[in-house]
Amino acid sequence: MKIAVLREQASGERRVAATPETVKKFAALGATLAVEAGAGTGAAIADQAYADAGAAIGTRAEVLADADIVLGVQGPAPDSLAGIKRGAWLAAAMNPFGERAKIDSYADLGIEALAMEFMPRITRAQSMDILSSQSNLSGYKAVLDAAGEYGRAFPMMMTAAGTVSAAKVFVMGVGVAGLQAIATARRLGAQVSATDVRSATKEQILSLGAKPIFVEDVKGIEGEGSGGYATEMSDEYKAAQAALVSAHIAKQDIVITTALIPGRPAPRLISDAQIATMRAGSVIVDLAVEAGGNVEGAVAGEVVEVHGVKIVGHRNVPSRLAADTSALFSRNLFNFLSAFWDKDAGKPVLDEEIGDAVRLTQGGKVVNPRLLEAAL
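Residue numbering for the sequence shown follows my numbering, beginning at 81 and increasing consecutively.
What the hints contain is simulated information worked out from the structure, not anything from laboratory work.
Cβ atoms here follow ideal geometry from the backbone N, Cα and C, with glycine treated the same way.
Take the hints with a grain of salt, since some may be wrong.
[Unchecked claim] Simulated pairs of lysine-lysine, DSS-like, Cα-Cα distance not exceeding 25 Å: (1) Lys165 - Lys182; (2) Lys331 - Lys291; (3) Lys427 - Lys82; (4) Lys445 - Lys182; (5) Lys82 - Lys248; (6) Lys445 - Lys427; (7) Lys282 - Lys318; (8) Lys104 - Lys82; (9) Lys331 - Lys427; (10) Lys248 - Lys282; (11) Lys82 - Lys445; (12) Lys390 - Lys105; (13) Lys291 - Lys390; (14) Lys105 - Lys423; (15) Lys104 - Lys390; (16) Lys291 - Lys248; (17) Lys423 - Lys291; (18) Lys445 - Lys165; (19) Lys318 - Lys331; (20) Lys182 - Lys82; (21) Lys427 - Lys165.
[Said to hold, decoys possible] Label pairs and their calculated CB-CB ranges: (22) Glu142 - Pro342: 35 to 43 Å; (23) Arg232 - Ala126: 35 to 43 Å; (24) Phe420 - Arg348: 50 to 58 Å; (25) Gly118 - Leu286: 45 to 53 Å; (26) Lys282 - Asp315: 16 to 24 Å; (27) Lys291 - Arg232: 18 to 26 Å; (28) Glu142 - Gly231: 47 to 55 Å; (29) Gly435 - Ala330: 48 to 56 Å; (30) Glu453 - Met238: 57 to 65 Å; (31) Met238 - Arg204: 48 to 56 Å; (32) Gly435 - Ala356: 19 to 27 Å; (33) Phe177 - Ala419: 19 to 27 Å.
Full structure from sequences and hints, please.
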């Protein structure tokens with residue numbers, strides 16, 4: 081069983097899908113590892129570290145040759161997979177809805193593409209969930225990015241020259257990234273409030289010492305979809321939420337938005353008119369900018385200024401903490417494959433529940449139900 085680890089070729093991608101730690105763990109299962117030269121450079125991992133862990137270092141063609149499983153962070157361009165054998169597994173984040181043509185090309189190559197972001201949110205798959213591990217650090221980094229753009233201190237400071245007021249931070253969307261953003265802003269000494277369309281998150285917000293901001297007069301709308309994700313809200317709820325946010329956002333120094341809906345554009349949470357009510361020097365960080373953005377006027381890959389407010393739209397936020405996010409991503413991949421490792425067969429054998437959820441292509445066809453339904 082040969083496992084290949086590719087060097088990422090996507091612009092700005094610094095993460096890597098395996099570390100020396102996971103190389104050793106895969107070797108302990110009986111696999112042989114081949115790592116493309118320079119794969120770990122962006123995450124501060126030298127080729128020699130992989131070699132010391134037992135991996136062979138080679139060119140892309142060399143590591144792909146006869147590989148049974150190929151690991152990546154982002155799904156590689158199909159034309160970069162020349163020489164991959166039919167039936168090989170490719171495990172990575174695939175962006176299946178946004179890059180359907182790439183998935184079709186994987187089917188044409190005859191490989192089994194496994195989308196790690198389609199991992200079901202069930203208890204036994206928690207350690208395999210790349211969305212959670214990467215979002216966690218994205219929420220942390222969002223607060224640091226906001227602090228870097230904000231021209232004032234976060235905590236209240238009492239000095240002989242006077243008192244510095246604490247920054248007011250508002251987090252919109254209380255998933256994994258939002259919860260970490262709340263915790264990080266609190267650790268930095270800010271006054272933190274948060275909102276979400278899922279009423280169940282109110283207790284989580286309170287547990288972190290933040291103030292929940294929720295629509296109270298629209299009943300029977302929980303906002304909870306399958307797998308713990310938010311769902312699209314009714315027009316009545318949207319109107320009530322917009323009014324509440326408009327009143328609250330004008331008083332905030334920093335706003336961090338994290339709202340995503342799988343398979344759909346990110347919901348618009350903040351309008352230009354709402355931005356205009358914020359004081360000059362305030363900061364908004366849009367973590368959903370690559371999915372269309374939660375904030376009107378946000379630009380992917382840029383920090384722009386609108387009405388005196390900075391809107392931060394960094395791409396690929398997890399890659400901005402490449403060493404740590406690579407370590408977590410690679411453990412997610414190892415936990416996934418090792419959980420199904422058949423010692424007698426010397427390879428992983430997926431079960432139906434998780435296998436059917438993550439498998440996009442098989443036998444030269446696109447087989448994932450979610451993708452097939454989206455195409456109708």
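Evaluation of the provided hints:
1. About 17 Å separates the Cα atoms of Lys165 and Lys182, which keeps this hinted pair within 25 Å; it holds.
2. Distance hint between Lys331 and Lys291 is fulfilled; the C-alpha atoms sit about 14 Å from each other, no more than 25 Å.
3. At roughly 9 Å between alpha-carbon atoms, Lys427 and Lys82 fall within 25 Å of each other, so this suggested pair holds.
4. With a C-alpha separation of about 13 Å, the suggested pairing of Lys445 with Lys182 holds against the 25 Å cut-off.
5. A hinted pair counts as satisfied when its Cα atoms are at most 25 Å apart, and Lys82 with Lys248 does not qualify at roughly 52 Å.
6. About 23 Å separates the Cα atoms of Lys445 and Lys427, which keeps this hinted pair within 25 Å; it holds.
7. Taking the CA atoms of Lys282 and Lys318, the gap is about 18 Å. The hint holds against a cut of 25 Å.
8. Pair hint Lys104 plus Lys82 holds up; C-alpha atoms about 13 Å apart against a cutoff of 25 Å.
9. For the hint linking Lys331 to Lys427, the alpha-carbon distance of about 56 Å lies beyond 25 Å, and the restraint is violated.
10. Proximity of Lys248 to Lys282 is assessed by CA-CA distance (about 19 Å); at most 25 Å being required, the pair is judged to hold.
11. Note on Lys82 and Lys445: the hinted pairing holds, with a Cα-Cα distance of about 24 Å set against a maximum of 25 Å.
12. A C-alpha spacing of about 44 Å is found between Lys390 and Lys105, which places the hinted pair above 25 Å, so the restraint is violated.
13. For the hint linking Lys291 to Lys390, the alpha-carbon distance of about 24 Å falls within 25 Å, and the restraint holds.
14. This hinted pair checks out: Lys105 and Lys423 have alpha carbons roughly 14 Å apart, not beyond 25 Å.
15. A threshold of 25 Å between alpha carbons decides the hint, and for Lys104 with Lys390 the separation of about 45 Å lies outside it, so the pair is violated.
16. The hinted pair formed by Lys291 and Lys248 meets the criterion: a straight-line CA distance of about 11 Å does not exceed 25 Å.
17. With a C-alpha separation of about 50 Å, the suggested pair Lys423 and Lys291 falls outside the 25 Å cut-off, and the hint is violated.
18. For the proposed pair Lys445 and Lys165, the alpha carbon gap of about 16 Å is at most 25 Å, so the pair holds.
19. Note on Lys318 and Lys331: the hinted pairing holds, with a Cα-Cα distance of about 20 Å set against a maximum of 25 Å.
20. A C-alpha spacing of about 24 Å is found between Lys182 and Lys82, which places the hinted pair at or below 25 Å, so the restraint holds.
21. The suggested pairing of Lys427 with Lys165 holds, with an alpha-carbon distance near 16 Å, which does not exceed 25 Å.
22. A beta carbon spacing of about 36 Å between Glu142 and Pro342 agrees with the range 35 to 43 Å that was offered as a hint.
23. Evaluation of the 35 to 43 Å hint for Arg232 and Ala126 yields a pass: the beta carbon distance comes to about 40 Å.
24. Take Phe420 and Arg348: their Cβ atoms lie about 40 Å apart, and the range 50 to 58 Å is violated.
25. With their beta carbons about 47 Å apart, Gly118 and Leu286 fall inside the hinted range of 45 to 53 Å.
26. Take Lys282 and Asp315: their Cβ atoms lie about 23 Å apart, and the range 16 to 24 Å holds.
27. A C-beta distance of roughly 20 Å is found between Lys291 and Arg232, which places it inside the suggested range of 18 to 26 Å.
28. At about 51 Å, the CB distance of Glu142 to Gly231 agrees with the hint of 47 to 55 Å.
29. Roughly 49 Å separates the CB atoms of Gly435 and Ala330, a value that falls within the hinted 48 to 56 Å.
30. Separation of Glu453 from Met238 is about 58 Å and conforms to the stated range, judged on CB atoms against 57 to 65 Å.
31. One distance hint, 48 to 56 Å for the beta-carbon pair Met238 and Arg204, holds here, with the actual separation near 50 Å.
32. Our hint of 19 to 27 Å for Gly435 and Ala356 is violated, since their Cβ atoms are close to 50 Å apart.
33. Checked against the hint of 19 to 27 Å, the C-beta distance between Phe177 and Ala419 comes to roughly 26 Å, which is consistent with it.
Hints 5, 9, 12, 15, 17, 24 and 32, counting from the list given before, are not met by this structure.
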